[in-house]
Each structure stands twice: as structure tokens, then as C-alpha cells.
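Colleague: From first to last, the protein sequence lines are chains A and B. Quick note on this note's numbering: the first sequence kicks off at 1 and runs consecutively. Quick note on this note's numbering: the second sequence kicks off at 1 and runs consecutively.
Hints listed in this document are in silico derivations from the structure and should not be mistaken for laboratory results. Keep in mind that this is a model prediction, so the values were computed, not measured. Each residue gets a CB set at the ideal place from its N, CA and C atoms; glycine is no exception. Honestly, I wouldn't trust all of these hints.
Claimed, not checked - Some chain B residues close to chain A (C-beta under 7 Å, calculated; not the full set):
| hint | residue |
| --- | --- |
| 1 | Met27 |
| 2 | Asn31 |
| 3 | Phe33 |
| 4 | Asp38 |
| 5 | Gly42 |
| 6 | Leu43 |
| 7 | Leu45 |
| 8 | Pro61 |
| 9 | Gly102 |
| 10 | Leu104 |
| 11 | Phe106 |
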Amino acid sequence: AQSVSQHNHHVILSEAASLELGCNYSYGGTVNLFWYVQYPGQHLQLLLKYFSGDPLVKGIKGFEAEFIKSKFSFNLRKPSVQWSDTAEYFCAVNALTGRRALTFGSGTRLQVQP
Amino acid sequence: DVKVTQSSRYLVKRTGEKVFLECVQDMDHENMFWYRQDPGLGLRLIYFSYDVKMKEKGDIPEGYSVSREKKERFSLILESASTNQTSMYLCASLPPDYKNTGELFFGEGSRLTVL
Numbered sequence: 001a002q003s004v005s006q007h008n009h010h011v012i013l014s015e016a017a018s019l020e021l022g023c024n025y026s027y028g029g030t031v032n033l034f035w036y037v038q039y040p041g042q043h044l045q046l047l048l049k050y051f052s053g054d055p056l057v058k059g060i061k062g063f064e065a066e067f068i069k070s071k072f073s074f075n076l077r078k079p080s081v082q083w084s085d086t087a088e089y090f091c092a093v094n095a096l097t098g099r100r101a102l103t104f105g106s107g108t109r110l111q112v113q114p
Numbered sequence: 001d002v003k004v005t006q007s008s009r010y011l012v013k014r015t016g017e018k019v020f021l022e023c024v025q026d027m028d029h030e031n032m033f034w035y036r037q038d039p040g041l042g043l044r045l046i047y048f049s050y051d052v053k054m055k056e057k058g059d060i061p062e063g064y065s066v067s068r069e070k071k072e073r074f075s076l077i078l079e080s081a082s083t084n085q086t087s088m089y090l091c092a093s094l095p096p097d098y099k100n101t102g103e104l105f106f107g108e109g110s111r112l113t114v115l
């Protein structure tokens, strides 16, 4: 069964700082990878996804993530965070064989201070 | 836009009560899921269904059951609620071409408190 690890549970940054959130998954086969975001009081929204091709994917609001197959990693980055990026971020994986459900990491709470 | 609607945003129940959480999606998706979200634990899969009348256990099915009588509706049932089932419950649906899209569409969530 696949699993997802997010190493940072709570990150506090000042506005304009750069962000990198780690995500590692365990599954040897082909996967689709996702980052979801949950703003305070809102439902989960897709930030970006990787299926194939260019391992550097760009999402909404200036976020990007890089898939490194050899490291089983899919880290999320943003060069300069804003106060409005305060949210919880979830990495998720979907193995293309077996069950169709996404497996989520434990989440990283990002707090951006003005 | 896909719409996943969870009928109850907030519920307060007593230990031992039977609880129904309803979820409806409007995009004719075969695949539907129930997760619970807890601080520090992320989202954990309770049950899922790929078709009407079909259900499969997820990672934490104990204490829960589900019903899928119609394609658009997927209900989560707590037969006898317990305090450790206090949580945010999220319903999601997945389109049939999930291998090309893979994106889960989530409802707003149902926050259940069991006293």
C-alpha cells in the first residue's frame, strides 16, 4: 500500500520568504501526485498535479512542485509567500494500479506573518 | 463545475446515537469516497465505492458503514457514535477518467461532535 510523508507539520514564515514543503511517498509503481490546499474555513482545493512529462509542474497562485522519481519526492515550492498563503497543505498520491483513492499525507500548516 | 454537497455542515450527537452523513454529487461520477480529517493525521480513507451497491473498506472502516443506493449519493453511517469519532468528515468524488485527471472533488465537510 502507498503512504505519504510530509516532514514539516507547522511552518511559520514572514511575507516574501521562500517556501519549500517536503513530500515523500512510498510506492514502487507509476503514480499521480497532487498538492491540495485548504484555506481557513474552506474546502480542499487542488493546487497542482503531476501525471507525466516535465517533472516541474506549475500550479495556481505561483506554486510549483518538482517530481524527483529517484527520491520518491514531490516537494512544493513558492519563491515569495504572501499572507494569503496561510493555509494547510496536503500532499497526495494515487497509484495507477489498485484502488483509485488518493492517499494523503498528514498535512503542513503554513502560517505567513505580515 | 463539479459540485459535491454534504447535507450537514455541523452536527452534535450523543454517544450511542446513529448518525447519517449524506453526500450528493452532480457529475455522474462512479467513484465516491469518505475521508475523515483530524489535526496532525491528515485525511484518512474510511470507505469508497466505484459503483451503485458497491463498497470497499478503506484504511479506517471500523465503526462505520456506507450505503450507495444511487449513483449520485453516498452515505456514511455511524451505527453507534463514540467520542473518538468526533472529526471532520469529507466526501469526495472522482471522474471515470481518473487515470488522466485523477483530481478528487471535495465537499465542504461535515463537522461531527460526539458528546
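Colleague: If you test the structure against every hint from before, which numbers come out violated?
Modeller: Hints 1, 4 and 8 not satisfied by this model.
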